[in-house]
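Take these sequences, add in the hints, and give me the full structure.
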Amino acid sequence: MENNFYLAWSPDSKIQEMGSSGGAVTSLLKFALENKMVDAVLAVKKRNNSRFDAVPALITDPDLVHEAAGAMHFAPLNMVKIIKEYLDGAMDMRVAVTCKPCDARAFIELAKRNQVHRENLFLIGLNCSGTFLPTVAEQMIREAYGENPQDLAGEEVDGGKLIITLKDGSTREKDLEELARQGFEMRENCLRCSYKIPRMADIACGKWGNKGNAATFIEICSSKGHEFLEAAVQGGALVMETATDEQIEERKRKETEAVENAQAREKKELDELKGYSSQQRLEYWVGHLNRCIKCFGCRDACPICFCKECYLEPYRGCIPGGETPPDIMFQLIRLSHVADSCVNCGQCQDVCPMEIPLTRLYNFLNREVADIFEYEPGVDINQPPPLTTVTDQELFIDPPDIIYEDASAR
Amino acid sequence: MSNDFDPKILAFLCNWCSYAGADLAGVSRMQYPPNIRVIRLMCTGRIDPIFIINALTRGVDGVLIAGCHPGECHYGKGNLYTRRRVLMTKKLLECIGIEPERLHLAWVAASEGPKFAEVVKEFTEETKNLGPNPLATLTREEKGK
Numbered sequence: 001m002e003n004n005f006y007l008a009w010s011p012d013s014k015i016q017e018m019g020s021s022g023g024a025v026t027s028l029l030k031f032a033l034e035n036k037m038v039d040a041v042l043a044v045k046k047r048n049n050s051r052f053d054a055v056p057a058l059i060t061d062p063d064l065v066h067e068a069a070g071a072m073h074f075a076p077l078n079m080v081k082i083i084k085e086y087l088d089g090a091m092d093m094r095v096a097v098t099c100k101p102c103d104a105r106a107f108i109e110l111a112k113r114n115q116v117h118r119e120n121l122f123l124i125g126l127n128c129s130g131t132f133l134p135t136v137a138e139q140m141i142r143e144a145y146g147e148n149p150q151d152l153a154g155e156e157v158d159g160g161k162l163i164i165t166l167k168d169g170s171t172r173e174k175d176l177e178e179l180a181r182q183g184f185e186m187r188e189n190c191l192r193c194s195y196k197i198p199r200m201a202d203i204a205c206g207k208w209g210n211k212g213n214a215a216t217f218i219e220i221c222s223s224k225g226h227e228f229l230e231a232a233v234q235g236g237a238l239v240m241e242t243a244t245d246e247q248i249e250e251r252k253r254k255e256t257e258a259v260e261n262a263q264a265r266e267k268k269e270l271d272e273l274k275g276y277s278s279q280q281r282l283e284y285w286v287g288h289l290n291r292c293i294k295c296f297g298c299r300d301a302c303p304i305c306f307c308k309e310c311y312l313e314p315y316r317g318c319i320p321g322g323e324t325p326p327d328i329m330f331q332l333i334r335l336s337h338v339a340d341s342c343v344n345c346g347q348c349q350d351v352c353p354m355e356i357p358l359t360r361l362y363n364f365l366n367r368e369v370a371d372i373f374e375y376e377p378g379v380d381i382n383q384p385p386p387l388t389t390v391t392d393q394e395l396f397i398d399p400p401d402i403i404y405e406d407a408s409a410r
Numbered sequence: 001m002s003n004d005f006d007p008k009i010l011a012f013l014c015n016w017c018s019y020a021g022a023d024l025a026g027v028s029r030m031q032y033p034p035n036i037r038v039i040r041l042m043c044t045g046r047i048d049p050i051f052i053i054n055a056l057t058r059g060v061d062g063v064l065i066a067g068c069h070p071g072e073c074h075y076g077k078g079n080l081y082t083r084r085r086v087l088m089t090k091k092l093l094e095c096i097g098i099e100p101e102r103l104h105l106a107w108v109a110a111s112e113g114p115k116f117a118e119v120v121k122e123f124t125e126e127t128k129n130l131g132p133n134p135l136a137t138l139t140r141e142e143k144g145k
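Chains A and B supply the protein sequences, listed in that same order.
For what it's worth, the working numbering labels the leading residue of the first sequence as 1, then goes sequentially.
For what it's worth, the working numbering labels the leading residue of the second sequence as 1, then goes sequentially.
Simulated from the structure, these hints should not be mistaken for laboratory data.
Each hint should be verified, as a subset may be incorrect.
[As the list claims (entries may be wrong)] In silico lysine to any residue, SDA-like type, Cα no more than 25 Å apart, as pairs:
(1) K267(A) to E99(B)
(2) K167(A) to G146(A)
(3) K268(A) to P100(B)
(4) K128(B) to S278(A)
(5) K45(A) to K84(A)
(6) K91(B) to E143(A)
(7) K8(B) to D175(A)
(8) K91(B) to K167(A)
What follows is the structure, given as structure tokens:
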């Protein structure tokens, strides 16, 4: 295998039917479990068969993998915290994880900090064009589409449209922009996110470039990815064919389009914040942060937060206990801790009961910090985190306000 | 801003260079504004961005950090870590709406007594022009303290 771009599908017609694009991922996961290439699979499945209630599932029985088949667009989960918190960072078990780009990036960031064991993880990246909050989605199906949310059988985002499939097999489509005008938008971090294809994972799977065939377009991004796919093809669990140039182009075109949209959105939102005077900015943030009820939800949901002895606990002497709203330091400590590695996954804002726009705050700072240190969080596992590394060259740079020689020229 | 505003400045000084530099300025009878309160550290690399932010939310008007020149750190590279953290913290302050100029990093060696006096003079002047720290006033008012 020389090429890195393939179209793949499952030879099993049952799996093909359950999976969204030929069932390649489901088939691969099943094969890996059956042949003990991994000890467990961490994937997302529906609870009570509801498309609005996705839960993470650790699957060890190959016959149950099909429960996690199919794409979900109303499932803003983060798999990273589960591996780190409950599976001991995959220290002593090999886990295959299906992950969105933000999950994959958070895995990379945690691996750099020795919180997860990258060698034991097989990251199956899934292309992601954004997710909706389940509550927003349910209301959207009811009000904008005029359908019963329980009748929903599937949904996909394609060409700026959200296409839903109902249980009776009929489809309805609506323009995302039009939905946004009615107040049904994707999560705001997704709209800003320019990582649509998770190339930092071992393989990146998606339907872009499959030209409407029931197949998954797979880009292999690591030697581990190669190994798994080759084994699956030889074991007869996967049918693969090399993607044509035309298909690669098609995928590239769709990605570029989505990324450009996201970048425009990011620029618009951040420019709005940048346009504020410092007085306005302070009032804006202090106003929001003073609604905090100190539930610690943002800390507990954040995939990057990992200190065992957390500064936010009262015994650390920084934030007095028993006060709401908490001291403004509460958010500022978190902000300074995730500044260099926030992956814009949106978990903090999702869990916030007071709906404080936390992701906007963290992402805003992270973009600024990324510029100074020329560091993109979660992309390259060999690039060390900027606040805990220094280079030998810096010894010879004198000014206190630059770290790169060329920075003065910028 | 009226000129009789007397800013409170917290200074973190490195034991090996800037603290000795401050000492030299003192024994040489150099005059500099009495606005700084000094905390001596073994190395500026000990400074957590939280120290800086905490100082600012608790009501100081400026934070001065002075350490060894790059390449002269007693521990090798402590000051280089500080430089990176200060760059990040300045952005953090800017992004929540506090003037990043309230945080100042300077390199002062043990022999640079006059430079220390100069740095303090300049930074005090700058902080004076910026006026009282808005974060301290705002948070105090909100809490009714």
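So if I understand the rule, the pair passes when the alpha-carbon distance is 25 Å or less; does K8(B) with D175(A) pass? violated, 56 Å
Decide if the proposed pair is consistent with the structure: K267(A) and E99(B), CA atoms, cutoff 25 Å inclusive. holds, 23 Å
Please verify whether K268(A) and P100(B) have alpha carbons no more than 25 Å apart. holds, 24 Å
Holds or violated: are the alpha carbons of K45(A) and K84(A) at most 25 Å from each other? holds, 20 Å
Hint check: K167(A) vs G146(A), CA-CA at most 25 Å. Holds or violated? holds, 15 Å
Mind checking the alpha carbons of K91(B) and K167(A) for me, to see if they're no more than 25 Å apart? violated, 51 Å
Between K128(B) and S278(A), does the CA-CA distance stay at or below 25 Å? OK: K128(B) and S278(A) at ~17 Å, within 25 Å.
Holds or violated: K91(B) to E143(A), with C-alpha atoms at most 25 Å apart: The hint is violated at about 42 Å.
Checked against the numbered hints above, the structure breaks hints 6, 7 and 8 and satisfies the rest.
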